[in-house]
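Visitor: Sequence:
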Amino acid sequence: MENLLDGWGITLATFSPLVGAAVMMLIPREREDQHKLIALVTSLWVAFVGVLLLIQFDLDHTDRLQFGVDKVWIDVISSRFSVGIDGMSLPLILLTMLIVPLCIIYSWNHFPDPVNPKAFLILILILETGMIGTFVAQDLVLFFVFFEVVLLPMFFMIAVWGGEDRRYASLKFFLYTLFGSALMLVSFLALFFLTGAETFSIAGLSEAVAAGGVSRTAQLWIFGGMFLGFGIKVPMFPFHTWLPDAHTQAPTVGSVILAAVLLKLGTYGFIRIAIPVLPDAAVTWAPWIGLLAVVGIIYGALGCLAQTDVKRLIAFSSVAHMGFVMLGIATLTDFGINAAIMGMVAHGLITGMLFFLAGSMKERYHTLEISRLGGLLVQAPRMGWIFGFCVMASLGLPGLAGFWGEFPAILSAYNPANGVPIETFRTYMVIAALGTVLAAGYLLWLLQRTAFGNPPAEFADDPAITDTTRHEWIAWAPILALIVAIGIYPNLIFRVSDGAVDASLSDCLTVDAHQLTDEEIEALGCSDVYRLGEAAGHDDHDDDDHGDGHAEETNEHAAAGN
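Going by the working numbering, the letters in the sequence shown line up with residues 10 to 571, in that order.
Don't read these hints as lab results, they were simulated from the structure.
Hints are supplied without guarantee of correctness; some may be wrong.
Estimated spans, in silico, between C-beta atoms of each pair [what the hints assert, rightly or not]: (1) D174 - A212: 29 to 37 angstroms; (2) D174 - L453: 57 to 65 angstroms; (3) L21 - A469: 25 to 33 angstroms; (4) T436 - R225: 24 to 32 angstroms; (5) L35 - G93: 28 to 36 angstroms; (6) I64 - W482: 25 to 33 angstroms; (7) R176 - I497: 20 to 28 angstroms; (8) E467 - W394: 19 to 27 angstroms; (9) A128 - S224: 31 to 39 angstroms.
We put the beta carbon where it would ideally sit given N, CA and C, even for glycine.
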């Protein structure tokens, strides 16, 4: 199995869902049990490969691509089938491999109308291939293909199995993301032609840009195209308007996959492609990205306070939470991007779990209007306690994963990279901190209105309102366990991501030591988290400094800051 992983293991895991989908296409629609079994076995096989990847992943060299394959693919355009995993992609790959089988288990007896397990499960498997492929791709053409693979399955999932306004929501989702993808593709092509590198390799293009192959003006425009393409997918304010409609109308599993993984494709594009390839342009764009991030945090929180539907409120909370992720990315520091990766994983687990719960509530009450709900702790106490737990995790309660998704991102804004206006980002830090107060307000209000009090008269004696079922427990238990595990020991993520993040940042994305006194650096605990550039008298960085000890420092310093 070790030889398999070193050769084509990750490729096999990427395309196994497509094989499972192809097999399901050959089986008649009426054999629902066979379709369920094939989809579950396929997703569990992919998850098993993910466990093997984690076991064999070299944590001492997370900055290196592992389990890689690099073969000629489309020779006429110099595109290669180049895939691999490092510390930035591994947490998101494992998140994908976890969420998909749990969605299939949850759907076992929860298929939305019109009931068609064959088509529904095929779309889920195609989505899995697209999501994993995006995280492992090391070639821009390959990245774009996988990035687009997820578009049509999610479109059909909303358009066919969505709510009353499903056609409007699905078309809006499709047009927004297609427009962003077009801009992203133009940016990729501009990089290819302007660098003259004759390669779509991410590493090769990064080297070509560093060698002076692209003018500064061109870099700014190319980064702007990527910013729009990835920003729409995140989605950042003001490109977020498709998200509440898509979440509200999507079936439960569609909302879970969209929140847990699909939104991360945009943020991953920033840290994998935009910033490493165009670091100078990233420095120029950083204040604007940070501004939109904090506006999104406040706007998303205020939007939550105005919602009357549970799913729509959770959708607006995603806008706010992804604002914290983008704030960490905008700092252009290793600490900030590590915080962003933690935020992606935490948001995927917590918000995905909230959408699971919203779907189960709607199945029982046939509505998600907050004014019509109440007394969940009375009628379904276990579900009520789980809902309360997830609300606390989402608002950033220390000891749960949500805390590490917000606090380090806020802290990272105190000391952004060299060339980024420090006072501006410290202002952003204060605004983002206010967003956590608003988050507590709307989430506690949601919990009070839905879980506490007596059940409304129309549902008081409804026998259909039952507590958590076996399939729900099986689907939810791993997520709940990880929310606690990461909250208690965040180094589970930081140890994996830190070395890769540190290695991916260009020398120009370092903190200027003249911006801080020695006392400030020591007080923040940042001396080993932030890389100090030439201003600190360091002209180079040894690879040995990016191992386990450095990752442990990241966690310890963040905790000390609290």
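Visitor: A separate judgement is required for each hint: does it hold in the structure or not?
Guide: Comparing the hints with the structure gives:
{"no.": "1", "hint": "D174 - A212: 29 to 37 angstroms", "result": "violated (44 angstroms)"}
{"no.": "2", "hint": "D174 - L453: 57 to 65 angstroms", "result": "violated (29 angstroms)"}
{"no.": "3", "hint": "L21 - A469: 25 to 33 angstroms", "result": "violated (53 angstroms)"}
{"no.": "4", "hint": "T436 - R225: 24 to 32 angstroms", "result": "holds (27 angstroms)"}
{"no.": "5", "hint": "L35 - G93: 28 to 36 angstroms", "result": "holds (33 angstroms)"}
{"no.": "6", "hint": "I64 - W482: 25 to 33 angstroms", "result": "holds (27 angstroms)"}
{"no.": "7", "hint": "R176 - I497: 20 to 28 angstroms", "result": "violated (44 angstroms)"}
{"no.": "8", "hint": "E467 - W394: 19 to 27 angstroms", "result": "holds (24 angstroms)"}
{"no.": "9", "hint": "A128 - S224: 31 to 39 angstroms", "result": "violated (49 angstroms)"}
When each numbered hint is compared with the structure, violations occur for hints 1, 2, 3, 7 and 9.
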